[in-house]
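Participant: Those protein sequences? They're chains A and B, same order as listed.
The numbering used here applies: residue 1 is where the first sequence begins, and numbers increase by one.
The numbering used here applies: residue 1 is where the second sequence begins, and numbers increase by one.
Each statement offered as a hint is correct.
Because identical chains share one entry, a pair is satisfied inside a single copy or across any pair of copies.
Derived BS3-like pairs (lysine-lysine); straight-line CA-CA distance at most 27 Å:
no., residue 1, residue 2
1, 183, 46
2, 3, 26
3, 118, 132
4, 138, 46
5, 132, 46
6, 132, 113
Quick caveat, the hints were computed from the structure, so don't treat them as lab data.
There are 2 protein chains.
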Amino acid sequence: MVKIYGMAQSGNCYKLQLLLSFLQQKYEWQDIDILSGETQTPEFLKRNPAGKVPLLEIESNTFLPESNAALFYLANESTFWPSDPLQQANVLRWMFFEQYSHEPYIAVARFIKRFLPKDHPRHSELPELHQKGSTALKLMNQHLADNVWFVGDTISIADIALFAYTHVAAEGGFELSQYLNIKNWISQVQQQPHYTPMVL
Amino acid sequence: MVKIYGMAQSGNCYKLQLLLSFLQQKYEWQDIDILSGETQTPEFLKRNPAGKVPLLEIESNTFLPESNAALFYLANESTFWPSDPLQQANVLRWMFFEQYSHEPYIAVARFIKRFLPKDHPRHSELPELHQKGSTALKLMNQHLADNVWFVGDTISIADIALFAYTHVAAEGGFELSQYLNIKNWISQVQQQPHYTPMVL
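Could you build all of it, start to finish, from the sequences and the hints given here?
Facilitator: Structure below.
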């Protein structure tokens with residue numbers, strides 16, 4: 001059984017929980033509190049020198065960092081990872097988009113608004129984060145005008161990667177009501193068999 | 001024959017040129033000048049709504065954005081993409097690391113120092129970029145203390161993705177001489193058959 005080191009309120013950690021729920025695959029979970037420094041202890045850094053969660057333990061002492069790499073590993077041989085090479089490349093395309101052009105704005109805005117005190121200086125970053133995050137949301141909304149799922153005809157790990165922080169973007173101050181295609185896509189994900197909500 | 005829309009001085013574009021050179025695979029190249037706005041024309045945005053290069057045209061009107069997704073597509077069925085699923089996941093782990101924790105600091109510092117005027121306000125970003133980029137270089141150097149290549153016993157697209165901006169990190173103001181393992185690894189890449197240098 002795989003084990004996840006994670007923090008339930010983190011969208012990157014939720015990605016793995018959501019996929020494993022869809023796959024009806026059991027896993028162990030160990031809570032790691034990022035905010036109190038538990039990713040920076042010598043013990044944790046031995047497991048993941050990058051000091052980040054989620055961290056997937058595949059078997060005893062075999063660790064895989066990076067949420068989207070872990071999604072790939074867990075989805076392998078399921079329908080969440082397509083078999084066609086061009087579709088596979090497009091799944092990765094949206095996952096790299098998520099990590100480069102989406103998460104650094106949409107997840108970070110949520111982190112600042114939700115986890116930092118109201119007078120924290122990082123609140124000054126919000127206008128720029130909202131501008132760049134909105135660019136990502138517009139691109140997603142545009143793609144979903146012609147596509148039911150991000151790649152191909154079924155839900156894939158590209159959808160799961162993008163869903164994690166998009167469906168809670170309002171917590172970071174993004175107004176999702178103007179992105180109708182995204183709203184419909186969020187409902188679709190939530191209506192999939194064995195969907196599990198994020199711990200809020 | 002695939003076609004690359006790119007700018008030769010961009011590390012993200014060079015990744016594809018380097019892999020195709022290693023594979024001895026011919027390709028078409030179309031110069032796109034980012035600095036003069038050629039990624040933002042209506043014609044280009046039809047091909048890639050994200051308005052970025054590199055963009056890989058696999059066949060007429062089949063486009064694949066995101067440098068690391070394109071590396072995956074081109075490396076498929078070569079030794080640059082391992083066959084073992086855990087090794088594959090680790091290749092992706094380093095490629096996601098590159099896009100999230102490396103490129104936004106090391107490539108951006110180089111962009112500011114190399115392509116912007118000396119009095120441009122973005123020069124004020126450099127101290128933070130150097131700090132965060134150094135964290136990425138330390139992690140790479142530490143990994144290479146016990147590993148000849150980033151994943152497994154041969155060069156993979158993880159090495160190519162990380163090589164692109166690491167080997168020109170000095171242009172962004174990073175001092176590579178303190179990272180001996182990285183320096184050795186750079187030499188190894190450069191000594192591979194059919195290596196091609198970046199257009200500087």
